[in-house]
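Going down the list, the sequences are from chains A and B. Mind the numbering: the first sequence is residues 1 to 110 in the working numbering, read in order. Mind the numbering: the second sequence is residues 1 to 146 in the working numbering, read in order.
Hints may be right or wrong, so weigh each one.
[Said to hold, decoys possible] If the Cβ cut is set under 8 Å, some of the chain A residues that face chain B in the computed set are:
#, residue
1, Val22
2, Tyr52
3, Asp54
4, Ser56
5, Gly59
6, Lys92
None of these hints come from the bench; they were simulated from the model. Where is the CB? At the ideal position from N, CA and C, for every residue including glycine.
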Amino acid sequence: MSFQVSKVNDVTLIEVEGQLIVGNRQELKQGVLDKLEGGDLKFVVDFANTGYIDSSGLGVLVSLSKKIREQGGELRLSSLNEDLRTLFELTKLDTLFRIADDKDQALEGF
Amino acid sequence: MDGDLVLEIPTDVHSIAGAVDYVMSRCMACQVHAKKLNLNFRVGLTEALSNAMMYGNGHDPSKNVVVELAMSEGRLEATVRDQGAGFDPTSIPDPTLPENRSRPCGRGVFLMRELLDEVSYNDQGNEVTLVLRLESGGAFEGGAPA
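Bound conformation, chain A alone (with noise of 0.2 Å):
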């Protein structure tokens, strides 16, 4: 898994490519964590590169939201294939995130 990181207007975007799991989980967490310490507020995680979140990855934007919105901030996420939207949908994390189609709309007004 590897993740890019971009500014667009005053929202962080987070593109993850590949597999967001147990295994590396701890790295997108520290990257969020930094940027929120540096002030950022607005953050969109973007899933259209990414295979499979398994339920440690799902714990952890579940543990970064919850971190940023104490903070005053929000956690939107973007482009979650078939897959992905059943696996929020099954544990209904679908209603604690704004889920956008792709990461333009994501952005739209944030």
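Let chain A serve as the given structure and place chain B on it in line with the hints.
Same frame as chain A, now just chain B:
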């Protein structure tokens, strides 16, 4: 169970993806709907290995996890066994309840139950058996009761 494939994997969460990919490559020969294999079985096996290494073996690299895979007409069965003391799978709270949705953990056992046709544990609670029925069609049709 006499498995068609037996793997003994040292406890290292970084090895899970490779181990799952290898097992999946061996499963492609069976007649499971590809999508059901890639979502339901991959998720179930990944979660079983994660639980075995993290909670069962407590991240102890001197302990191993054994995976036994049996493929037959009509079913695909994987047994994952760790060297831990075992746990009570009924003690895991439902992660979909509103009060539990914000918890960072506790979704692995739930996902296994939702995505596999059968999920069972040995009495000690350190061995889980996952069954995917091959005759059923598409991905996520609902698995064993949560």
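Results of checking the hints against the structure:
no., hint, in the structure
1, Val22, "holds, 5 Å"
2, Tyr52, "holds, 7 Å"
3, Asp54, "holds, 5 Å"
4, Ser56, "holds, 6 Å"
5, Gly59, "holds, 4 Å"
6, Lys92, "holds, 4 Å"
Going through the hint list in order, the structure satisfies each hint without exception.
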